[in-house]
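Sequences listed follow chains A, B and C, in order. The numbering of the first sequence is this note's numbering, which starts it at 1 and goes up by one. The numbering of the second sequence is this note's numbering, which starts it at 1 and goes up by one. The numbering of the third sequence is this note's numbering, which starts it at 1 and goes up by one.
Please keep in mind that the hints were generated in silico from the structure rather than gathered at the bench. Each hint should be verified, as a subset may be incorrect.
Listed below are the simulated DSSO-like cross-link pairs for lysine-lysine, each with C-alpha atoms no more than 30 Å apart in a straight line [to be verified]:
1) Lys183(C) with Lys237(A)
2) Lys329(A) with Lys3(A)
3) Lys51(B) with Lys243(C)
4) Lys243(C) with Lys289(A)
5) Lys474(A) with Lys183(C)
6) Lys183(C) with Lys51(B)
7) Lys160(C) with Lys277(A)
8) Lys58(C) with Lys51(B)
9) Lys268(C) with Lys183(C)
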Amino acid sequence: MEKTWDLAIIGAGVSGAAIARRLSAYNLEVVLIEKEADVSFGVSKANSGIIHGGFHHDTTSLKSRLELQGNRMFDQLKEELHFPFERCGIIVAAMNSEEMRTVEKLYDQGVKNRIVGVELCNRERIHALEPKLNPDVVGGMFAPGGGIIEPYRFVFSLVESARKNGVSLLTNWEVSGAAFRDGAHEMVNQKGEKLRAAYVVNAAGLYADKVSSLFGAEEFTITPRKGEEYLMDRNAKAYTRRVVFPVPGSVSKGMLVIPTVEGTTMVGPTAEDAESKEDSATTRENFEKIFYSARRLVPSVSERDIITSFVGLRPALEGDDFFIDISGKAKQFIQVAGIQSPGLTASPAIGEYVKDLLKKAGLKLAEKTEWKPEIQALPRIRSASPTEADRLIQENPAFGEIVCRCESISEAEIVAAIRAGHDTLDGIKFYTRAQMGRCQGGFCTYRILKILQRETGMALEEITKRGGGSYIVKRTLAEPGLSGEAR
Amino acid sequence: MSEKAREMICISCPLGCHMTVTPLGGEDVKVEGNRCPRGVVYGREEVLSPKRVVTATAALSGGVVGRVPVKTDGALLKELIPSLLEELYAMKIEAPVEQGLYLIENYRDTGVSLVTTRTIPAACKP
Amino acid sequence: MKQEKYDAAVIGGGSAGMAAAVSLARRGKTVVVFEREEVLGGILLQCIHNGFGLHHFKEELTGPEYAERCETELKTLPIKIYLNTTVMQVEAEDENKLLYGYSGKHGLIRAEVRAVVLAMGCRERNRGNIGTPGTRPAGVYTAGLAQRLVNVEGYIPGEKVVIVGSGDIGLIMARRMSWVGAKVMGVVEIQPYPAGLTRNIVQCLNDFSIPLYLSHIVSEIHGKDRVEAVTITPLEDGVPDLKQSFRVECDTVLLSVGLVPDNEVAKKIGVELNPETGGALVDSRLMTGVSGVFACGNALHVHDLVDYVTEESSRCGEYAADYLDGSTGGAQYPSGAGRNVKYVVPNRYDPAAENHFYLRSLVVKNRAELQVLLDGRVVKTKKLKHVQPSEMIGFSLKPGELEIPVQGEGRLEIAITAGEDE
């Protein structure tokens, strides 16, 4: 008899991961399905890593209510899951009195939303809060509850906690067909593999519309909105104390200066319609736009400090709010679509909300007595004092093998990443930070390839940057046969 | 029957003289534009029998690294390079290997041999 | 944790570190060398091509052969070598410097020393630094990484290659990739002249009919999972003329776009860097702003010839030994770049001693003249047959060749002038 899961969650981004973890507290057979080679490889990969302050939207919207609720949950989550997170505070900077009026509206919204500590700042106060601001900034707003987070470490830790409590994870599993039969959904993937689940949560990000259609649920369109961002060196002068926002535009929150929690500085993102759901190209025009905008806020932003850039695609839905509801068309099906900003901030609350929806939809929730929400903190050689490092190395010599010198990452940490299921170069990068530093993998790539080979038994040609066709080595020279063309 | 003149840059020294080299039939070659006698030698060779030093690697098993670097101990006729490389890439050497080990002696009677350029010890048993 | 004491520590066991260690040991100092790889030799081990040692050994050697000669000499001396060891922390407390080396094999080593030589070499500029627009597929490598993969591991990154940058590393890799059966579609160079040696243009490009696109840039990289193509755009008066862009199908992009001294460790010890070179600011004895901390080789400034790395680093070891002997040397004055010169190393000179300078031209010129100016007055000239930015120039002044300045700052500048442009 084929297994019937109680719940299948489609999409292992921040929403799917948060839902999986929340549901792992119950006696249920839960499977988390992800079409990419690793979790957090879709929309969540290019997240800016901001925990929003809760003043950008009014609470008539679901996204605002969940943002506020989610924001408050991060301190406890950090204690349990040990991801990098700091409540450094968010500043909205006004360049003139007209902008100041917009800021005042945001402030009013913040007060209405009952955000603790939100304040309206005059010139002196705003500059004291953030000394690197452009001297032309006339004032602004400060939300001390806003913060910075490493988004993929957050998603990885949610998934790790979920799996520790019994949730199964399937990667490289793309739902290509579905039918409802005998009280459950029957799904098939691109390889012909089947899966049966009584309840399904659609948290498929950019492809939530396609998945909804496959299950015969609501018809809607997810429009990809592209955002480019640039990352600067950890020694860049532009590293601010607070996240700096400009006054928001009609379409987006604007291009920011973000001091990441790991010490690098990020600028961006832009917001424009993408050509397709696969369009991830950066452009020269946007580069200039971003740096002009960033320097307007923080003059010490410099292109010379750039180490890399990336593009994210936001899953935009008409109406601009989250669509999180029990489907009115498909049975036992929960929609979690259109999760744009502030999706990351809202994600823990999304987990709670969806849990309640599932209960309402008929899923029996019996609490586990042995739910263990905490996961173990990963020792990191780079933050160890020499005495601590000595102990770590003696316990496990792989802590003494420094593989990534730019970020000081040891072989032990890379092995931990691989054993946690991250077997692509990007997966290892997001888990450990190896390849994220100044040399961008120039020195450590060959060592990581060898460690991967040793730990997984994968052939060199099978190792990829992020799954699919992103191979690193085409072939090895040991193969005979040369087609060299020396004249 | 003489062929057309060729423009080339001499690579015998960093000056890189721009030369015009004209084959005049048989072993006869006219070299112009050189600033020293080495240019004449290079110009003639480039036309009659161009040669290059080859540096590459051979497969190594049981060593601390998987390839041992090699070189030809003199310049080899260009047209023989692809076959030399093919023969080289089919070889498998066992570690330990000393620098200066001859892998191929007097390749196809050219007087040019292939030799290792690095000493690589055997990997320690775990 | 191992707790050990030495006179000097050398960070890096490549050509620079080995030369400095040898000088120190020959002067009777106790020396420890920290090297993060499994073997000594540094980057030379992957440079399997020849062209090394023409000056230093009066022979044309391959990189590994050069490295082995240095290592053989080093092993005759009582120098402590820690391989597989990365220096992670450094602290300076006046006389004493504390270094922490982390190693899986040796555990944690705490070394207390009185002098430190920074010989960490350099790293490559990458795609992020040059900001090439487009997607970020797999298949974009720096030339040095590709060189390591091919020459040491035997891993071929791809079959159809476009190389960005016509410096020697890019040219050498054009040939290497061709010799392992890949097809090199072209080399793209932003300047109107090639950056590498002419001999390499002939041996690495012309021999394989590989086109060299001068005054061109790669304006976009295409590909979803893996590189699929690049867009190459010519420059008109230094500005990309997008209408003339053309697309080249490929699966691999190799970047040879410059090297940067690798000074993570130097920053930890509080050494001030020179923004022109990316290496430390040093005085005439190659000592940084931190007393007893010296720098040499590619960590100080990027060299073209390993022979000069050995020359500079041997001297550096001598200076470090002088320091350990308590000799402070004479008064020093500032030295720097004059007209048409990108940088001069070191940043100070001692008129009473022998002064060795290394400098790079900003221009390409034939029949140029090197000028030494003291407080704006030309005091010495030297004729140079040919100068170009990619060929570092060495220049010495004998002790007492310059008068000790009595008035003025005593500022020495080296300039390049006259001659005709290419």
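Hints, one by one, checked against the model:
{"no.": "1", "hint": "Lys183(C) with Lys237(A)", "verdict": "43 Å, violated"}
{"no.": "2", "hint": "Lys329(A) with Lys3(A)", "verdict": "25 Å, holds"}
{"no.": "3", "hint": "Lys51(B) with Lys243(C)", "verdict": "42 Å, violated"}
{"no.": "4", "hint": "Lys243(C) with Lys289(A)", "verdict": "22 Å, holds"}
{"no.": "5", "hint": "Lys474(A) with Lys183(C)", "verdict": "13 Å, holds"}
{"no.": "6", "hint": "Lys183(C) with Lys51(B)", "verdict": "21 Å, holds"}
{"no.": "7", "hint": "Lys160(C) with Lys277(A)", "verdict": "28 Å, holds"}
{"no.": "8", "hint": "Lys58(C) with Lys51(B)", "verdict": "22 Å, holds"}
{"no.": "9", "hint": "Lys268(C) with Lys183(C)", "verdict": "43 Å, violated"}
Comparing the model with each numbered hint stated earlier shows that hints 1, 3, 9 do not hold.
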